[in-house]
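To convert, take the position in the sequence shown, counting from 1, and add 5; that gives the numbering used here.
It should be emphasised that the hints constitute simulated quantities derived from the structure, not laboratory data. Don't take each hint at face value.
Simulated crosslink set (DSS-like; lysine-lysine; CA at most 25 Å straight-line) [as the list claims (entries may be wrong)]:
1) K179 / K151
2) K179 / K163
3) K201 / K163
4) K175 / K163
5) K201 / K175
6) K201 / K151
7) K179 / K201
8) K175 / K151
Per label pair, the in silico range of CB-to-CB distance [unchecked claim]:
9) S18 / V184: 41 to 49 Å
10) R96 / D124: 38 to 46 Å
11) P103 / Y32: 45 to 53 Å
12) S18 / K179: 35 to 43 Å
13) G7 / K175: 19 to 27 Å
Small disclaimer: the values here were computed from a predicted structure and weren't measured. Even for Gly, the Cβ is constructed at its ideal location relative to N, Cα and C.
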Amino acid sequence: TGTLYAVWKLLFSPRSYLRRVGWWRSYRLRAPVDAEGKPIPWISYPAIEFLASRVQPDWHVFEYGSGNSTLWWAARVERVVSCEHEAAWYRFVESRRPDNVELLLRDAEDGSYERTLADYSRQFDVVVIDGIRRAQCAALAARALKPAGFIVYDNSDKAQFREGAEALEKQGFKRLDFVGPVPGSILSSATSIFYKTRNCAGL
């Protein structure tokens, strides 16, 4: 009984962290949302809270990987360019796309997906790497950033994504890890911010 009560408090108490951030709602809906059901990125909660505290309405954001994060950014910044490789998922996100979002569908096999950023030179305040081919995407990210821009790299603690994270450090970026629970998941994860001096994140 004590254990069940503890679980209840963890999930449903008004003072519960998991309730405040919407973890149970995300788990139930199998989609990252906050306590009110509004879309949030599928990254660690500490990273979400950090970004929410720093985001500015005049920012331009590029994403590798689209979804609820696209909607979250679109509600807060001037412009979002989001690159997707799955046609079915692209159509779903496109059906919900706000006017300030440019949603791109790129082939995953011919290299056009990761090369998308090559079409943009120093245009973005933030580049988010949360899709496929992360090491290749990381290699191109810096040239698309404004001088004060920074990179958000998700799952930086996972072995299959470490190459990209290490490549960013070799390019001279400093690294700040945000480790913690993820919307709707029982596992923790690391989302890292890669930045240089005098950045727009205030780091």
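Here is how each hint holds up against the structure:
1. A distance of roughly 16 Å separates the Cα atoms of K179 and K151; the hinted pair therefore holds under the 25 Å criterion.
2. Our distance criterion of 25 Å between C-alpha atoms is met by K179 and K163, whose separation comes to about 19 Å.
3. Straight-line distance between C-alpha atoms of K201 and K163 comes to about 23 Å, which keeps the hinted pair within the 25 Å bound.
4. Simply put, K175 and K163 have alpha-carbon atoms about 18 Å apart, close enough for the 25 Å limit, and the pair holds.
5. Only pairs whose Cα atoms come within 25 Å are accepted, and K201 paired with K175 is accepted, the gap being roughly 12 Å.
6. Restraint check for K201 and K151: satisfied, since their Cα atoms lie roughly 11 Å apart, inside the 25 Å limit.
7. Of the pairs offered as hints, the one joining K179 and K201 holds, with about 6 Å between alpha carbons and a cut-off of 25 Å not exceeded.
8. Straight-line distance between C-alpha atoms of K175 and K151 comes to about 19 Å, which keeps the hinted pair within the 25 Å bound.
9. Remark: the range hint 41 to 49 Å for S18 to V184 is contradicted by a beta-carbon distance near 24 Å.
10. One distance hint, 38 to 46 Å for the beta-carbon pair R96 and D124, is violated here, with the actual separation near 22 Å.
11. Distance hint check for P103 and Y32: the Cβ-Cβ separation is about 26 Å, which falls outside the suggested range of 45 to 53 Å.
12. Evaluation of the 35 to 43 Å hint for S18 and K179 yields a pass: the beta carbon distance comes to about 38 Å.
13. At about 51 Å, the CB distance of G7 to K175 disagrees with the hint of 19 to 27 Å.
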